[in-house]
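Protein chains: 2
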Amino acid sequence: MTSYVINNNKLTRMKEWHVPASIVSKRTVNPIRDVVYNMKVTPNPNKEYISLALGDPTYYGNFKIHENCIDAMITQLKSYNANGYVPAIGVESARIALAKKFSTKEAPLTPEDILLTSGASDALSLAINVLCNEGQNILLPRPGFSLYQTLSESKGIECRYYNLLPDRNWEIDLDHLSSLIDDKTACLLINNPSNPCGSNFTRQHLESILYLCENYKLPVICDEIYEDMVYGDSIFYPLANLTKTVPILKISGLAKRYLIPGWRVGWIFIYDHNNILNEVRSGLAALANLILGANSLVQRAIPDIITNTPQSFHDETNKSLEENAKLSANVLGKIPGLHIIVPQGAMYMMVGINVEEFKDIKNDIEFNEKLVQEESVLCLPGKIFHYPNYVRIVTTAPTAKLNEAYERIKEFCVRHHV
Amino acid sequence: MTSYVINNNKLTRMKEWHVPASIVSKRTVNPIRDVVYNMKVTPNPNKEYISLALGDPTYYGNFKIHENCIDAMITQLKSYNANGYVPAIGVESARIALAKKFSTKEAPLTPEDILLTSGASDALSLAINVLCNEGQNILLPRPGFSLYQTLSESKGIECRYYNLLPDRNWEIDLDHLSSLIDDKTACLLINNPSNPCGSNFTRQHLESILYLCENYKLPVICDEIYEDMVYGDSIFYPLANLTKTVPILKISGLAKRYLIPGWRVGWIFIYDHNNILNEVRSGLAALANLILGANSLVQRAIPDIITNTPQSFHDETNKSLEENAKLSANVLGKIPGLHIIVPQGAMYMMVGINVEEFKDIKNDIEFNEKLVQEESVLCLPGKIFHYPNYVRIVTTAPTAKLNEAYERIKEFCVRHHV
Ligand SMILES: Cc1ncc(COP(=O)(O)O)c(C=O)c1O
Ligand SMILES: Cc1ncc(COP(=O)(O)O)c(C=O)c1O
Numbered sequence: 001m002t003s004y005v006i007n008n009n010k011l012t013r014m015k016e017w018h019v020p021a022s023i024v025s026k027r028t029v030n031p032i033r034d035v036v037y038n039m040k041v042t043p044n045p046n047k048e049y050i051s052l053a054l055g056d057p058t059y060y061g062n063f064k065i066h067e068n069c070i071d072a073m074i075t076q077l078k079s080y081n082a083n084g085y086v087p088a089i090g091v092e093s094a095r096i097a098l099a100k101k102f103s104t105k106e107a108p109l110t111p112e113d114i115l116l117t118s119g120a121s122d123a124l125s126l127a128i129n130v131l132c133n134e135g136q137n138i139l140l141p142r143p144g145f146s147l148y149q150t151l152s153e154s155k156g157i158e159c160r161y162y163n164l165l166p167d168r169n170w171e172i173d174l175d176h177l178s179s180l181i182d183d184k185t186a187c188l189l190i191n192n193p194s195n196p197c198g199s200n201f202t203r204q205h206l207e208s209i210l211y212l213c214e215n216y217k218l219p220v221i222c223d224e225i226y227e228d229m230v231y232g233d234s235i236f237y238p239l240a241n242l243t244k245t246v247p248i249l250k251i252s253g254l255a256k257r258y259l260i261p262g263w264r265v266g267w268i269f270i271y272d273h274n275n276i277l278n279e280v281r282s283g284l285a286a287l288a289n290l291i292l293g294a295n296s297l298v299q300r301a302i303p304d305i306i307t308n309t310p311q312s313f314h315d316e317t318n319k320s321l322e323e324n325a326k327l328s329a330n331v332l333g334k335i336p337g338l339h340i341i342v343p344q345g346a347m348y349m350m351v352g353i354n355v356e357e358f359k360d361i362k363n364d365i366e367f368n369e370k371l372v373q374e375e376s377v378l379c380l381p382g383k384i385f386h387y388p389n390y391v392r393i394v395t396t397a398p399t400a401k402l403n404e405a406y407e408r409i410k411e412f413c414v415r416h417h418v
Numbered sequence: 001m002t003s004y005v006i007n008n009n010k011l012t013r014m015k016e017w018h019v020p021a022s023i024v025s026k027r028t029v030n031p032i033r034d035v036v037y038n039m040k041v042t043p044n045p046n047k048e049y050i051s052l053a054l055g056d057p058t059y060y061g062n063f064k065i066h067e068n069c070i071d072a073m074i075t076q077l078k079s080y081n082a083n084g085y086v087p088a089i090g091v092e093s094a095r096i097a098l099a100k101k102f103s104t105k106e107a108p109l110t111p112e113d114i115l116l117t118s119g120a121s122d123a124l125s126l127a128i129n130v131l132c133n134e135g136q137n138i139l140l141p142r143p144g145f146s147l148y149q150t151l152s153e154s155k156g157i158e159c160r161y162y163n164l165l166p167d168r169n170w171e172i173d174l175d176h177l178s179s180l181i182d183d184k185t186a187c188l189l190i191n192n193p194s195n196p197c198g199s200n201f202t203r204q205h206l207e208s209i210l211y212l213c214e215n216y217k218l219p220v221i222c223d224e225i226y227e228d229m230v231y232g233d234s235i236f237y238p239l240a241n242l243t244k245t246v247p248i249l250k251i252s253g254l255a256k257r258y259l260i261p262g263w264r265v266g267w268i269f270i271y272d273h274n275n276i277l278n279e280v281r282s283g284l285a286a287l288a289n290l291i292l293g294a295n296s297l298v299q300r301a302i303p304d305i306i307t308n309t310p311q312s313f314h315d316e317t318n319k320s321l322e323e324n325a326k327l328s329a330n331v332l333g334k335i336p337g338l339h340i341i342v343p344q345g346a347m348y349m350m351v352g353i354n355v356e357e358f359k360d361i362k363n364d365i366e367f368n369e370k371l372v373q374e375e376s377v378l379c380l381p382g383k384i385f386h387y388p389n390y391v392r393i394v395t396t397a398p399t400a401k402l403n404e405a406y407e408r409i410k411e412f413c414v415r416h417h418v
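Line order of the protein sequences matches chains A and B.
Letter by letter, the first sequence follows residues 1 to 418 of the UniProt record's numbering.
Letter by letter, the second sequence follows residues 1 to 418 of the UniProt record's numbering.
Fair warning: there could be bad hints in the mix.
Stated by the list, open to error - DSBU-like cross-link-like pairs, simulated, lysine-lysine; straight-line CA separation at most 35 Å:
{"hint": "1", "chain 1": "B", "residue 1": "Lys64", "chain 2": "A", "residue 2": "Lys100"}
{"hint": "2", "chain 1": "B", "residue 1": "Lys244", "chain 2": "A", "residue 2": "Lys15"}
{"hint": "3", "chain 1": "B", "residue 1": "Lys383", "chain 2": "B", "residue 2": "Lys26"}
{"hint": "4", "chain 1": "A", "residue 1": "Lys64", "chain 2": "B", "residue 2": "Lys383"}
{"hint": "5", "chain 1": "B", "residue 1": "Lys64", "chain 2": "A", "residue 2": "Lys64"}
{"hint": "6", "chain 1": "A", "residue 1": "Lys78", "chain 2": "B", "residue 2": "Lys383"}
{"hint": "7", "chain 1": "B", "residue 1": "Lys100", "chain 2": "A", "residue 2": "Lys78"}
{"hint": "8", "chain 1": "A", "residue 1": "Lys362", "chain 2": "A", "residue 2": "Lys64"}
{"hint": "9", "chain 1": "A", "residue 1": "Lys184", "chain 2": "B", "residue 2": "Lys26"}
{"hint": "10", "chain 1": "B", "residue 1": "Lys15", "chain 2": "A", "residue 2": "Lys244"}
{"hint": "11", "chain 1": "B", "residue 1": "Lys15", "chain 2": "A", "residue 2": "Lys217"}
{"hint": "12", "chain 1": "A", "residue 1": "Lys47", "chain 2": "B", "residue 2": "Lys244"}
{"hint": "13", "chain 1": "A", "residue 1": "Lys244", "chain 2": "B", "residue 2": "Lys26"}
{"hint": "14", "chain 1": "A", "residue 1": "Lys383", "chain 2": "A", "residue 2": "Lys184"}
{"hint": "15", "chain 1": "B", "residue 1": "Lys26", "chain 2": "A", "residue 2": "Lys105"}
{"hint": "16", "chain 1": "A", "residue 1": "Lys26", "chain 2": "B", "residue 2": "Lys26"}
These aren't lab readings, by the way, just hints derived from the structure by calculation.
Chain A with its partners taken away, still in its complex shape:
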């Protein structure tokens, strides 16, 4: 490959440049990039392009940041006092405010149990990195958020996917989950409410999951970035409130509830009633030094943001999400060839494609590509979430856009139906 001269292992001269990329970078895959960016079709030039693909509620401008968050940032900017380095685990005032807000009787939190990170993505990266070794395996939901795979495979950790059951509101198939566990299983990752399912687990189901973890002594990474973003009769239960024994790293952040995903603020809460995670706690503190977390202005604005943004803001967000979810379920549920699972939270909905009912669509990838090509509507194929023959729809677009997109999806399905 290269030609160089080696004396006693010492390199004396190389003839040609050869700079390969690392193994780690090569095993860092992004399924979204692979599927969407490599899509060979172009949208129909006669129809306005509508994306229902991006998990970014700010995209269309209808879901807007509360002005309290803007004011909180301006206060920090004008203080001339929030531009310096902050501790690797995060500014203390923010950790104090978070501990105060999120502590419960069942699951108390101190500022020392909290680590601020550069988005929930960084929080997930740290949590996976501290719990799993290369060569071990991690249990991930199927369908599930693709970053779990990207992070795990990048670190050389084997992904094992446990099934979620569409017929049971996307509950975990616990028997299937159990069957995946072996002596190389480092932890279980659950995501509730779920991207891409829009589901929200019942208290009973969460207790069953915890029972299983207790049995196998499996620590849990619990991604609750959509916490409290539920509607209808659904109630959100933080996992940590339901156990005194299973150690939990809870992942969350400001991105979704405060409609500021670009600000990159996430956190890990360490729940560990019985000092099982002492080593993990130090490990997290060590790993936090590698890139030094989130922007200092936002970190210092956290107490103001989480204390002074009125509850009505969250209520209105949830109300809009509920209306959009209802609209989506009503319309899409009646389209021939599709079947839906009514969402209960977050901002997503999975739509099943009954491929046998279509004349010329053999799977979700083809559904997606033809929908772009003919109707200029972009969804994400289920393949990205390891769940073929579904597409994920983000339900945050303004009503008019949703209606227009669904109208086109309907015409599309009718046209291609057997």
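Place chain B with the ligands on chain A using the hints.
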């Protein structure tokens, strides 16, 4: 250690919780934490505490952000249009503005050559991660910034330290550097201007380094976070301007020149005239997906920040740095038992301790601890930079603080001198 039941490799039940931290987290060390935070001494309660330890120019409030940067952020905040996700490699407008500002005839840059990151720390992490495999080695400066070690060891990369020569203004000992290279050497990391040395390489020295890289076909990670922060007769030469053949990943960011280290914005510039880094370029784009870079407000403010902050701001910063460096060199250079190397850039100075001239101080760690205990002055011991019997002084404190600190260091040295 643990007791569990395994059938055909399947775990059926575990009796006890055992959640160890990962190997990666255990090999992630922070020498600053190890040395400073574990320091057992307490400051002298009768003397005001003065830290000259933190590489944060904003610490004392005398080095202040320019109001243009504040306004640029407020504009973004009020736009309601900068809160969403941005591309993993960074917003295009910022990459365009950076390419325009930093492109030179010798080393042209396009927006595609630029990756925005969460601080220069993240840029370094990505660059090291894309060029080096576990089991390979990386060449690092001694003395050098400790994050290089932290990042490399965390990723399982062996650190080999090449000597900098204090008697030659901290130039690289190129013979020593060559002697470290073998077939497992992935790249050379250089830092110019230097933390902790405050040195700035001559054009001639940079050309000698490039000659060596060309000979051994070694790609370079060039950390120029202190670019243009030089004074006196010193001129800063960007490494990339001096070669048409050696591929370079240049690391820099807003932290130091704009006095906003907490904002966490860095970047990688890819210099690659001959398409040697094609794989590395894709690898960097893949790795950028793991945590999604810097805060969106700051990213979108970059064009405004780098275009409209007046040059006079940087000139004034450099003038203050020069005055502080002169003051420091003048005073510390005359203290018995110490010797200095006059700095030419950045905001640091290395002070040598002639241990044989002290009756009861046997090394830099002891010097540092006794100085805290007796005089309430904190420096960083050279050990942190792999350079014993020196201490690093950050020269950004206000003049009065510097004078007071140096006065105490003088009394301290006189008292302990043989
Ligand atoms: C389930 C889930 N977890 C984590 C994240 C990442 O959050 P952040 O933007 O704070 O990194 C997302 C973003 O879409 C998500 O859907
Ligand atoms: C030489 C050097 N490189 C990189 C960094 C990190 O910069 P950032 O704060 O942008 O991560 C520092 C910070 O002190 C530094 O001294």
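Evaluated hints:
{"no.": "1", "hint": "Lys64(B) - Lys100(A)", "result": "holds (33 Å)"}
{"no.": "2", "hint": "Lys244(B) - Lys15(A)", "result": "holds (16 Å)"}
{"no.": "3", "hint": "Lys383(B) - Lys26(B)", "result": "holds (20 Å)"}
{"no.": "4", "hint": "Lys64(A) - Lys383(B)", "result": "violated (50 Å)"}
{"no.": "5", "hint": "Lys64(B) - Lys64(A)", "result": "holds (32 Å)"}
{"no.": "6", "hint": "Lys78(A) - Lys383(B)", "result": "violated (38 Å)"}
{"no.": "7", "hint": "Lys100(B) - Lys78(A)", "result": "holds (30 Å)"}
{"no.": "8", "hint": "Lys362(A) - Lys64(A)", "result": "violated (39 Å)"}
{"no.": "9", "hint": "Lys184(A) - Lys26(B)", "result": "holds (19 Å)"}
{"no.": "10", "hint": "Lys15(B) - Lys244(A)", "result": "holds (16 Å)"}
{"no.": "11", "hint": "Lys15(B) - Lys217(A)", "result": "holds (8 Å)"}
{"no.": "12", "hint": "Lys47(A) - Lys244(B)", "result": "violated (48 Å)"}
{"no.": "13", "hint": "Lys244(A) - Lys26(B)", "result": "holds (27 Å)"}
{"no.": "14", "hint": "Lys383(A) - Lys184(A)", "result": "holds (26 Å)"}
{"no.": "15", "hint": "Lys26(B) - Lys105(A)", "result": "holds (33 Å)"}
{"no.": "16", "hint": "Lys26(A) - Lys26(B)", "result": "holds (24 Å)"}
The structure fails to meet hints 4, 6, 8 and 12 from the earlier list, while all remaining hints are met.
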